[in-house]
Amino acid sequence: MLFNSFVFLGFLTVVLAVYWLLRDPRYQNVFLLAASLFFYGYGGPVFVLLLLLCAATAYAVGLIIADRPQYGTVALVVGSIVSLGILFVYKYFNFFIETVAARLGFIGIDVSTVTLRLALPIGISFFTFQAVGYMADVHRGKVRAERNPINLLLFISFFPQLVAGPIERADHLLQEFKRKRSISDADVGYGVYLIIQGYVKKIVIADNLKPIVDTLFSFEDLSAPLIIAGLLGFTFQIYGDFSGYTDIARGVAKLMGFDLLLNFRRPYWSSSPTEFWRRWHMTLSNWFRDYVYIALGGNRRGPTRVQVNIFLTMVLSGLWHGASANFVVWGAYHGVLLLGHRAWLTWRGKEASQLHGWARVPAVALTFGLTVYGWMLFRITEWSTITSYTTSLFTNWSFAALGVLALFSMLPYIVLSVFVDVAEAWSLSEQPHPKMRESWVLAPYLAALVLFVVALGSDSGGEFIYFKF
Amino acid sequence: MLRSKTIIILVSALVLVVAADLIMSGGAAADVTLTDRLAVAPVEDGVYILGNSMFKTGVDLQAMQSQIPERDVRFNYYDGHYTSLWYLIAKGALAPSSERPSLVVWGFRPAYALIPPFRQNRPNSTELFVFPDLAYERLTSDTVAKPLFDLQLLLDNWSGVYSQRENVHDAVLRMTERAGLETLDAIGQDTSPLRDRLIDGDRTIADEVVAAATGGEVELTEEQVVDGVGDFITGPATPFSEGFIPLTANAFQEAGINQLVVIWRPIIAASGETNPIEDEFVSDAIEYFESRGIPYVDLYHNDQIVPSMYGKGDHYNADGRALITNLLSERIRDMLSV
Numbered sequence: 001m002l003f004n005s006f007v008f009l010g011f012l013t014v015v016l017a018v019y020w021l022l023r024d025p026r027y028q029n030v031f032l033l034a035a036s037l038f039f040y041g042y043g044g045p046v047f048v049l050l051l052l053l054c055a056a057t058a059y060a061v062g063l064i065i066a067d068r069p070q071y072g073t074v075a076l077v078v079g080s081i082v083s084l085g086i087l088f089v090y091k092y093f094n095f096f097i098e099t100v101a102a103r104l105g106f107i108g109i110d111v112s113t114v115t116l117r118l119a120l121p122i123g124i125s126f127f128t129f130q131a132v133g134y135m136a137d138v139h140r141g142k143v144r145a146e147r148n149p150i151n152l153l154l155f156i157s158f159f160p161q162l163v164a165g166p167i168e169r170a171d172h173l174l175q176e177f178k179r180k181r182s183i184s185d186a187d188v189g190y191g192v193y194l195i196i197q198g199y200v201k202k203i204v205i206a207d208n209l210k211p212i213v214d215t216l217f218s219f220e221d222l223s224a225p226l227i228i229a230g231l232l233g234f235t236f237q238i239y240g241d242f243s244g245y246t247d248i249a250r251g252v253a254k255l256m257g258f259d260l261l262l263n264f265r266r267p268y269w270s271s272s273p274t275e276f277w278r279r280w281h282m283t284l285s286n287w288f289r290d291y292v293y294i295a296l297g298g299n300r301r302g303p304t305r306v307q308v309n310i311f312l313t314m315v316l317s318g319l320w321h322g323a324s325a326n327f328v329v330w331g332a333y334h335g336v337l338l339l340g341h342r343a344w345l346t347w348r349g350k351e352a353s354q355l356h357g358w359a360r361v362p363a364v365a366l367t368f369g370l371t372v373y374g375w376m377l378f379r380i381t382e383w384s385t386i387t388s389y390t391t392s393l394f395t396n397w398s399f400a401a402l403g404v405l406a407l408f409s410m411l412p413y414i415v416l417s418v419f420v421d422v423a424e425a426w427s428l429s430e431q432p433h434p435k436m437r438e439s440w441v442l443a444p445y446l447a448a449l450v451l452f453v454v455a456l457g458s459d460s461g462g463e464f465i466y467f468k469f
Numbered sequence: 001m002l003r004s005k006t007i008i009i010l011v012s013a014l015v016l017v018v019a020a021d022l023i024m025s026g027g028a029a030a031d032v033t034l035t036d037r038l039a040v041a042p043v044e045d046g047v048y049i050l051g052n053s054m055f056k057t058g059v060d061l062q063a064m065q066s067q068i069p070e071r072d073v074r075f076n077y078y079d080g081h082y083t084s085l086w087y088l089i090a091k092g093a094l095a096p097s098s099e100r101p102s103l104v105v106w107g108f109r110p111a112y113a114l115i116p117p118f119r120q121n122r123p124n125s126t127e128l129f130v131f132p133d134l135a136y137e138r139l140t141s142d143t144v145a146k147p148l149f150d151l152q153l154l155l156d157n158w159s160g161v162y163s164q165r166e167n168v169h170d171a172v173l174r175m176t177e178r179a180g181l182e183t184l185d186a187i188g189q190d191t192s193p194l195r196d197r198l199i200d201g202d203r204t205i206a207d208e209v210v211a212a213a214t215g216g217e218v219e220l221t222e223e224q225v226v227d228g229v230g231d232f233i234t235g236p237a238t239p240f241s242e243g244f245i246p247l248t249a250n251a252f253q254e255a256g257i258n259q260l261v262v263i264w265r266p267i268i269a270a271s272g273e274t275n276p277i278e279d280e281f282v283s284d285a286i287e288y289f290e291s292r293g294i295p296y297v298d299l300y301h302n303d304q305i306v307p308s309m310y311g312k313g314d315h316y317n318a319d320g321r322a323l324i325t326n327l328l329s330e331r332i333r334d335m336l337s338v
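Chains A and B supply the protein sequences, listed in that same order.
Under my numbering, the first residue of the first sequence carries the number 1, and numbering increases by one thereafter.
Under my numbering, the first residue of the second sequence carries the number 1, and numbering increases by one thereafter.
Just chain B, with the same shape it has in the complex (with noise of 0.2 Å):
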């Protein structure tokens, strides 16, 4: 029996706390496959972009889309941290899916030999990651220290609301952004460029804010960030064969989704610097993919990106952008015999 009103109310609460959550599971629970739990969805036959902020600052995306307009262009970005989820993405969202793009554009850097490849302190952050992947647990077994009791994958697995919850940040994000072009609206002022960058566009407020006070020199809050501290795990550099990389495009392989891998350049080769870990990184990736004849551009050794089209880091610049966007449509187009 309850003894008092006090323990009743919080067992009210939890009760209620645990219906909410039911509810919650029960309508993302039926029918719901990673392939919908993309932020963002591929469509047939279009240019499927999947990347971090090295293509958040390489690749302006309505520039693409104005060079390659036979095709719908769409970019899923996740932060570097969660890069391998480019692996999980391959094997459980997109070879699965009834709608095929014509092409999947994906990359990384060679400094992920160093940071090292594709490890990240992440692991089950996203509902992406929560599928058993023997290779996945394999290759990240010796990098992620795995609790005894993991609350956070628990909830991962169990909760409704938790699960959701980017979902949820995403949509009050979203609401906030019309409410207050709404209000704008109202009170006369001409929204219509904000409108859209940011609605129709993939920019944020944060982004709009850093044009603003930098006059536009700087364009996208990535330029001025890389590698968020305590985001990636640093260990001993491991070979190019051991890591996600060779794992995620032979993912795509096998499930016949036409690829193009972007080996980015660093700022440190850009200033004519050379490391031979990375060298080698890159040396071994192009054997690999000429060898298994995956499509592959190969910026690192690309002479025109110089160190004055970069912001912060490895991120680029408008630039940069500008540049890169260009090859990139060029290549894809040739791809897609467009």
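Same shape as in the complex, but just chain A (with noise of 0.2 Å):
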């Protein structure tokens, strides 16, 4: 079921209607379960039974590692290899024996290859990552095993966040689920503030950039001025499908009194590619940083180690994305300009990293160019246009006055989503500013916003980028 479609409008009404009757929260807990697994299954009730597997393994586990310590890491590891298992069976499989298959084939050993017809289930790489991350701090003694398997079943389904994140830590949502939930005159209005937002950012700017770039990047070779205005228009369409999405999902949550983790906070404002990675996709930064980077080793092996544990963990954020070579070398390139920026940092000083005001300008500016870069080594899956564009963009300058016509076209979503973001900024501030959202500004603003939905919304009913992932 998609956030922008009428049947989740419907779907939503009716879930908040009854989640509020309900009061108990056990009640509510069944009913928002019932209500989670209803909406993974509306297009494809087969894969309920996978998220069942993985939610159930990870309640096993959780339990063994609690009752049974002698057997935890044992457990830990076979929780993980089943969780894991299904996203590799699903997602990764095909990929894996084509490329074993290519590079033995590039050495002159012929195999015949096996590869599954497998639907991708929608948000595998969500709720598996979020069962692992719950099994680990269950081992971790961070958390404690859950044993309500209702509360332990919605933490890993929960319909708002499920299908694309943010990708939530049981010392958080699960201990949400626990506890009498009340909501304020504010809780609604910021709920229903994030959810004009997130149709604002997804059906306004994510879905009317959407044609414009995918006619732009159907061609194995372009000129530059048409590659940068596909990739400006790419850089604000995956942004504003992406955090709409969280947007929504924040805000549905917020409706029945949860809060969900932040997932972006104006990611193209950032000064460095550490500060990206702060504000960009958060909860799968700090989920990496958590249970890869640190069980590398994190930061206490020794400078080549943290360089070697960064590079990996950003190979396999990549990796995450997609089962696609593109996605292992976007984050290979993400994971040299972290190290770029190491460096950088380790011949300056920290203090290169604290730039405030108009100093900030040239390294927000520097930033933004190397990510949209880099949206090209994520949007484009073959390695032969990855090159050609690349070319192109110090040889090939024809079609200039076509490019900036193109950029044109994309022009007003573009500003919009800046516009948005100003407004976020300025709603979510603590000084000097008076927050938005019980300004009178905000009256305006959110009828502005509605109005933007209903006149400029697209009618493509376009699905979520991150979906596929």
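Since the hints were derived computationally from the structure, they do not count as laboratory data.
Here a beta-carbon is modelled for each residue, glycine too, at the ideal position from N, C-alpha and C.
Please note that a few of the clues may not be correct.
Covered by chain A, according to a simulated footprint, are these stretches of chain B (three or more residues, beta-carbon under 8 Å) [said to hold, decoys possible]:
1. 5-14
2. 183-196
3. 204-215
4. 281-291
Mind assembling these two chains? They're in different frames, but the hints should get you there.
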């Protein structure tokens, strides 16, 4: 079920009405679990079984760690193999087999391969990671094993964040399910604000940028102005698409009295690659930091090992996005950027990262430019096209006028994206501005956003990009 | 009583939205007819092409206009999944129009027998659909699952802003095109060829990008895309007599509007293969048009159209477009005696 469908609006209305009629958190949780499974099974009921398997495994592993600590590590390993095994079979098996066969073929060994024809379950990377995170946290003693299966199932399957995050933590969302919940007028206001903002980002900004971006990137060869226009369009398309989903998810959860983790904090305002990853898909960055980077040794094993750990973590983070070489390259590219930034700080001293005011502008511009180029590695799956585009950026500056026109056709949505970010910064900042959510300016602003959605919202009903991850 | 500032702010926002919508509804509702809602208005004694991507890739409008300089040639384009619009436009917008074109050119692919005929999955997705028509309701009733509560239809009927969204999109697009051209002019670029094609012609920036990226080999985006996924409802074949085509032809006849129906040639026919269902569909169509004296152009059996004249799927490339434009222009000139 897509957030940007009328069906979802009907579903949400019914869920909110019943949820608040129930009042008792235990009944509310049972109802939310049923609603979440219905939400996930709406498009393909068979994948609900996978979700249940993943949650049941996490539940059982949690109990074994708590009750039979001597088997805790084994249970964690087995549980992780089951969860990540599901992910591997559905998402990476064919990629792995084909890559191995290609490498063997390269050295003259021909092997026949078997590939699986399996549809990729929506959101599989999100709920499996959430399950693995829970098991690891129980094993580390960070959270206690959850003995109520309803709570644990709900934690893995909570519908607002089930298919595209934010990736939640057991010490946060699971605890929210256990407490009696209340909702204030301010919560309602903020929830509505986030939902409306999310729809603007998705169906006004992302879905209107998509057709021109898709047209531009349907060619193997393009001139630099057209590539730049396409990349800028995609930069704001993917941000609108993904952060729009997160906003809606957080807004819906807020209307039920839950706080989901923040996932984006104006990432394109970052003044360094390090800052970018603290602002973009924050819950994934934190997951990889806590369960991969630290597991690899983190900062504890000397400078060379730190660099290797950073690079490996980013490569794996890239691979998380999709079973394709370009995602690995995208991850490696960002790994190199992070290492480059560390080297810069080592050379210039830590104070080089303390940029304020206008001093930030060149750093933000450079980080933005590097991020935009990185999106090419993310968006284009064919290596030959990536090479051709990169070469064109230095050698082919024809069709400049057309590139300007293509950019202008996307400009209203890019400007709107920046404007929404500025408004959000204002609304969330503590000082010196008043909080926008308590300001009278909010009324015309929200009205304007709603009118944008109604008048300029795309009819295409496009899927969210991150659903396929 | 409203309890908090937050709720008052939300209610105020809602009031502002409703007020804006009422203003738009008021402006839009005043004496606006379905004819006014046509994306391209008909002109008295002109040639009015009512078509989808088959016409867009099959007809070079500027070339046709130059071959028929005596008449104003206009093209009203909608995506293929809006094809049942032709019937609604014929009946609701062109028939009552005071501006009577000399000729309306419309057409169909025999694939509509299989897709099936004139079915689509967005029966109320444009304002032109919003009027009750029993025949239309009957023909779509078994193909379109009507939801219990159709919010889209409700908005189409009741929201001034929502019903104007296509116009708003179009206005934004035109505004950005012009702003881009002005900017290029300001920095000394010669934009006149682009201006001719985008502002005065019917091409889009996407068309220009496609042409630039393919070195002119492909001129239109539609040459690369066919049968937008999900836009057509598929189902069992339906006989010609039970679809929208005879209804549409009949609507023009009853309104006293001259028409020319184009039966497109799909690539499968150009490749020498036969499809019995499509053959029968075309055969029934020709029989129907001849029995009613309705002029038609049978491109389906035209062997001049060969596989090298296609882009993707049934859409034509520049060669196909040039040939078909000549064929249709010649026929139109004959019919109008110009």
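Structure-based check of all given hints:
With 8 residues bearing a CB less than 8 Å from a CB of chain A, the segment 5-14 of chain B meets the requirement of three and the coverage assertion stands. Interface restraint, the segment 183-196 of chain B with chain A: holds (5 residues with C-beta to C-beta distance below 8 Å; minimum three). For the segment 204-215 of chain B, the assignment as covered by chain A holds, since 8 residues bring a beta-carbon within under 8 Å of that chain's beta-carbons and 3 suffice. For the segment 281-291 of chain B, the proposed coverage by chain A is not satisfied: 0 residues have a C-beta within less than 8 Å of a C-beta in that chain, short of the threshold of three.
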